[in-house]
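J.: First to last, the protein sequences are chains A and B. To convert, take the position in the first sequence, counting from 1, and add 757; that gives this note's numbering. To convert, take the position in the second sequence, counting from 1, and add 6; that gives this note's numbering.
Think of the hints as simulated: they come from the structure by calculation, not from any bench. Note that the Cβ used here is the ideal one computed from N, Cα and C, for glycine as well. Wrong hints could be hidden among the right ones.
To be verified - Per the computed footprint, the stretches of chain A lying under chain B, defined by three or more beta-carbons under 8 Å from a beta-carbon of chain B, are:
1) 882-895
2) 1463-1469
3) 1519-1533
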Amino acid sequence: MATTERLQSGGVGDAVLRKEDRKFVTGEGRYVDDLKLPGMLHAAFVRSSFGHAKIKSIDASAALAMPGVHAVLTNATLPVETGVLSASNPGGDVRHPEQAILAKEFARYVGEPVAMVIADDRYLARDAADAVHVDYDPVPVVVDAEKALEPGAPLVHAEYDSNLAKTLEHVTDGFADVLAKAPNKISLRVVNQRLTPMPIETRGCIGDWSNSTGEVTLYTSTQVAHFVRTFVSIVCGTSEAKVRVVTPDVGGGFGAKLNTYREEFAICAASKVVGRPVKWIEDRTENAVATIHGRDQVQYYEAGVDDNGKILALKFDAVQNNGAYNQLLTPSISHLTLFMVPGCYDIQDVSITIRQAFTNTTPTDAYRGAGRPEATHGIERLMDAIADDLGIDAAEVRRRNFIKSDQFPYASATGLSYDSGDYQATLEVALELSGYAGFEERRAEAATRGKYRGIGLSTYVEVCGLAPSAVTAALGIGAPGWEHSTVRLHPTGKATVITGTSPHGQGHATSWSQITQTELGIPFDDVEVIHGDTAFQPYGLGTYGSRSLAVGGIALYRSLGKVREKARELAAHLLECSVDDLEWTGSSWQVKGSPDRAKTIQELAYAGWTSASLPEGIEPVLEATTFHDPPNFTFPFGTHVCEVEIDQATGRVEVVNYTAVDDCGNVVNPMIVDGQIHGGIIQGLGQALFEETVYSEDGHMLTPTLVEYLVPSAADVPPMTLHRTTTPSTSNPMGVKGIGEAGTIAASAAIVNAAVDALSVIGVRHLEMPMQPARIWNVMQEAKS
Amino acid sequence: MIPSTLEYTKATSLDEALAAVKAGARPLAGGMSLMPMMRLRLAAPGAVVDLGGVPELVGICEDGDEIAVGAMTTHRSVANDPLIRQHCHVVAQAAAGVGSMTIRNRGTIGGSLAHADPHGDLPAAILAAGGAVIVRGSGGERRIDVGDLITSYLTTSLAEDELITQVRLPKGAGQSAYAKFHRRAIDWSIVGVGVSIGANGVRAAAIGVGDRPMRLSAFESVLNGGGSLDDAIAQAGEGLSPLGDLDGSTEYKLHLVGVLAGQAHAEASSR
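So here's chain B without its partners, still in its complex pose (with noise of 0.2 Å):
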């Protein structure tokens, strides 16, 4: 990797990681995302701070009723924890299908939300289950669904300031899966769907058919109006209008969403 030059620190509390953010530093988590784009010269901070040296950002624990995920925690970890695997499965399985074996143990979960790729697993997987965020700043500690905290293309609602602290995932999402669709085991997916079937209902959302995770709204409604899933799934890209390219058309694509949404549905159901 040839970066441009930049100053690095390694922070070792939340508080030293705050302060470096505050003063322009761009946090750097697992690395997966920002060292390629750095690599490319994409990305070209002039000062980063690694996180990998704060131990409050690492940990799975249960809090009431959710589960608490420390922002610097692996997709192994998370994809391993017995917590997340019984109440969140849907967030267990994509992290264990990201990459490879050795992205999942570098690449956290609170790294893939704040980079926002628009085809990153984590994020639809979470928007399936109802997470959250803990995010903290100069301003103080706040909590943002994790539908409102991408907004578009590797962008965030985050203030310039604050950190992703921790993720929460609810413990009533019911049964759930994640289905995806790539070309080689180790690629980002072109489409990726999650879908929980909890209390409150079925809730779907998918990645690589828009500029963020995107839920899907007329997937929901049917199941939730007690509609068939063949009705469900021939409806499940209306309103996704994702772009068409190397991997496939728009209208492949939105026939993958249908595909994948019937897939994870029926493996949440079974499961």
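Looking at chain A on its own, in the form it has when it is part of the complex (with noise of 0.2 Å):
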């Protein structure tokens, strides 16, 4: 069943068309690459080839002997103030060893940047870092973070005594005797695998520094453009003030731009350096080790269970590999994923303690889903494991463990209240629309063929519009969680919308125009969305953790309701009647029951221009600025369901049929929601059957191009069914959650879950993703001896 219906008249609720789109299909996005200043030149960075060792010395005269090599900078020579600063500090002290900007004694993970080199063109910088000489040591890695917190371990920052950068813990009064009173033990270890974000445009910044002036403007590819201009201005040691910071067409993140990176800062202080612009874009090979990973966590669950199926007591013991290194948010993503250990269910007694680790690895941080996908991902698998262990059907032992559609608001275990949902009746939905109860018969057929067939479930709840700056505070985060919007109405009646969301590929051009359209009746094609340069915007928080529409969309909501009111004073006084007497129709203010005595809100935006007659004590122009603090997340929720067919021959695992019921809450634009979901569901799949990022033990990369690292093609694209139900967020007035990360988080569980239940006929209880033919082919073997 089709959600997507083409309405076309712009209003909230319609599929219009993205007005973004038509520069983006006929090729005239502007990307930073296609920005070009006078007199730039660019450069390349030469990248540790070793995962840890010292720097002895580092030669660059040959490469400085080369005609159009301007500079050739290492730590020593770079001007920066400090390293690169993390925002997360969550209980207050986690270790944060020094980042610096480029490496100082060791090299600590293959690609951490050791030295840059400034020439007059791409090619020649990169030929001239390949002739710049590193005398490395090389001293014992380790890459995995279970046994980087072995005694004895080789330590990744001497200055420590251990390689554990932070222990997160959570235990509910009482666990222990719930536990152990439980008459059903059920364990599972769960590896949710090393992901490379991997967006289309890979990152790319230009730094342009006026040293008569000290100021800089830095063109970067990210989704904080203001997170980044202040860790600029501290890095570099210049006033915040004096730093803009712009972002063109940014084509895609994933989280992986949800951060400051050290080649912003050093592209600004070479800029310093040579006194000309300089440009850095990262290849694709480079992207692999130089921009963030993601998960990387290795769970252990033990739950205890009564006779039917129903959590009492969960206990979460799970190590998180933070990489070399904490970037901006390390050591909070596996904080979210200890908020959501309990995931959609009751279970009010918990134990949860998650280790962090550091590694001679790229460092991991946030990308699509950021510590939900490993909390769902792993209670979606335990929930199969208890249906499997006791003999349950595995929708009735979600059934009676979901919380209650009568429970909300519902107080978590791990400290959240969930706003609103009905988890039960997505998955009757589900159930339903996915003929789960015929499938039997299907599993039967495909024996008849080779194949063994399976079907699986994911149930997920979620966090999302990130965040109360209360509580961001409180969880260690040195940012808020506002987000502001501006709307500015020109006296033609056409509107400009600024607002503090940083859209990578979301929509929000649209969005805010669907939402300016219903909120102030100006139409569609009239609404201009203006993000992304901070010499235009008070400060935003950017785009990430589907917040965009929860918090930056409440904030344009409610500065389209000032505009509304102060054209209201306006009306009255011109029509001089009361405020009271007027009623809104959607585009004008009239006075009640009477349409001849009416003034369009384009006639108002003009009115309040020319000010040639104003009430007492208004103020010229309509325009209105909200900073906006959410009083609570949202929680969007839903059931997918997955069929697959395994070869047996060969070990394929192929996705035959998936059905999405997900529930965000009401809903602006359902092609954008629609797209969402698919991308967000591919994603997942990607995770789930051909994606992982692989280290030797020696710390060499084993995946550097997209030759080893398979994200999924056009034609890895399953047949997908797509429904969804409403339950209205309450923690804010449009009654919206978000949807940006739902089909990732709920993706790879419902897959893997159907892969095993497919196996369950030769008695394999448990897969590992990524399901690769060669690993489910050792699996079956396996279980056949």
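Please dock the two separately framed chains into a single complex, following the hints provided.
T.: See below:
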């Protein structure tokens, strides 16, 4: 059943085509690499080829002798004040080792920048970087997080006595007793493998430093322009007021650009040194080692379960691989896992311990879902293990454990307040749509074709709308969670919307125009949305964590309301009546019951600008600004059902049917929501079937190109059936929740559960990701022997 | 792509191309292998000569009991050619499955053979069909059986100044088919097997199982000796020792050889 009907009126709820797509599909998008500044030079980085090595010396003489090479900068010569900053310190005692902008004494992962070359063009810069000779003295390496925490493991940072970055703990009162008394104990180890975010546009930036004024403009492909500005001012030692950060079009991020990176600081400092703009564009292989990775968490579940399959107590111990350093939010990602350990189930007794480890690998940080996919995948695997052990149907186990629809707002054992939900309703719809009841016939039919067929469920809840600022502060995040908007009406009745969100594929220009049309009556096509330039915006927090609509959209909604109310006072003045005599028609204020006595919003915009006659105490121009700090998170949820067939001869897993029933509250643009769900499911499918970032024991990256790191292609997209239920959020006046990550959060568990179900006929109980054919074939061989 | 500095020329005739190659230029066919290697700086030729402007290297025609295929003929043209589809289906089928449409529109049959990637599909298909290549260099023209062309990983028996000008496919290859296994549709094959069943018996060749395309001698001799397909499949991997890697273990790849040889044989028989 398609949820999308192409309606074109342009208001909230319409599947209007995206207004930003024309420029992208006609090649007129403008990305960082499209920008060319006068006198611009190009940078290339010399990166460590060792997982862990002492840097004995750097000889740049051959590079500097190449005509057209302007500078080779190292830690000793790069003019910066400090290293990379992290905004994350849950508990207040996280170990934050210094991450120098260019490696100082040691390189701690393959790809760590050691030196940078500035040259006339990009090709020469690369040649010269290859000519820089770095004398390394390799030292012992550890890449596996569990091994890194064993006594005697090589130390990633010699200044600490272990590789432990932080232990997150949360144990409810009386937990041990409840677990001890549970009649059944069910355990499971689950590995959430390391992934590479792989946006189509890699990172890149241009630094343009004026030595006469101290002003610097940084063009960068980021999700968080204002964070970058704040940190550039600190790292590079200039006033924040002198730093302008511009994000042109951004070709995807998936969390990888929710960060501030060494290269962004280095490029500003390099521009300061050479006195000319300097550009750096990351290539794809560089991206594989220089941009953050995601996931890499090993989980140990122990559930105390009654004989009906109800979880009484849940113990969760995990090890999170932080990589060699903490990036912007690294220690907070597994903190999000901690929050979502119980998932959509009514589990009040929990014991959660997450140990974060430093290793000789690229730092991990937010990747689509950021901590929640780890929690969801694990608990959804556990639910199936419980169903399997106790001989209860997988859907029935979930029904028995769900938080019930009358329990909202629901206080979770991890301290969250779930706003609204009806988990069983989405489950029942999904079971119906997917033909769950008739599955055994399909299993039997597939067996006649040499295929093991299985069906799997994933029922999820996630936390979106990051975040109430008081909560981010309490969680040790050194940044707030509000969002900004400005609505400005022009004399001609057109509107400019300035948003602090930072779209990189999400379609905010379209959705924000729809909200403006509905709330203010300005036609969709008359609305322009501006984002991504700190010179034009007050502070914005950016786009991540499915927050843009639930926080930024509400900031816009409130600004539109302010403009509408100001227009009302102006209309009352012009129509010579009281504001209470007026009613809003959707696009004008009119005297109640008198359509001939009305002022359209465009007329009022003009009147507000001319200011020929304003009511007492009202300033000219219809314009309003809002900084919206949400009172709570939002909690989207849903059920995904997957069917797979596994080839008995080769072990290939094929997704043959996929049904997703999601509930993200009220919907602004159903087509955009469908797109987010489609893309999210495919990204989850990538994790389940194809993707894994692999290091050798000695720290070398074995998956540095798209030949080894397999992202799903168009040919790998399964048939998908989407459907939605609507349970409005109670956290905001639009009743919206967020949908950017839901598909990814739900999909991997549905696919793996289906594969485990398929192989349950030969006694298989668990499978790890990615489920590549060779791995499945090995499992089948073992099961048969 | 950020290759190291290089000189680029585009030849407009075969003689011009041969002169450039003799002078040390690396021949550039469709660029589907050489360009990625240059991007990764695994290859850093000081000069390349683009063969894309040499008309005599493109085209497919009947020539006696063979089909002559110009070395610069694209995979897409090979895949769609009625002659090849009729007489040498294994080659058309392998060409149709190379990479993606964009790659098939640029990649060439001669480039695939000269590059000699042990995972390339075309060499196995042509070997199964019993094809050969015509090469030309300063010493003149000679013919090399495909089985003698590729000698090791990315290595051929071509002299430094020789270019493949033509691929010769036998019209008497009989019924034939190609089967391969890869993780995603656009990936290199992990293992691929071509089988032809002609007047002289069964020929089978595999890629992904060694440093070059390998004849499946045990599979062939079981079937040519009147044995059963099941026995042939069981012995298909005999004498092969593919390296284990992220795509699978030696044992798994040997298993795939049997599975794919069986599939290709069944498909060829039913054609």
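J.: Each of the hints needs a verdict: does it hold here or not?
T.: Okay, the hints, checked on the actual structure:
Counting residues of the stretch 882-895 of chain A whose beta carbon lies closer than 8 Å to any beta carbon of chain B gives 3, which reaches the threshold of three, so the coverage claim holds. Only when three residues or more bring their CB closer than 8 Å to a CB of chain B does the claim for the stretch 1463-1469 of chain A stand; here the count is 4, and the claim holds. Check on the stretch 1519-1533 of chain A: 3 of its residues sit with their Cβ under 8 Å from a Cβ of chain B, so the three-residue criterion for coverage holds.
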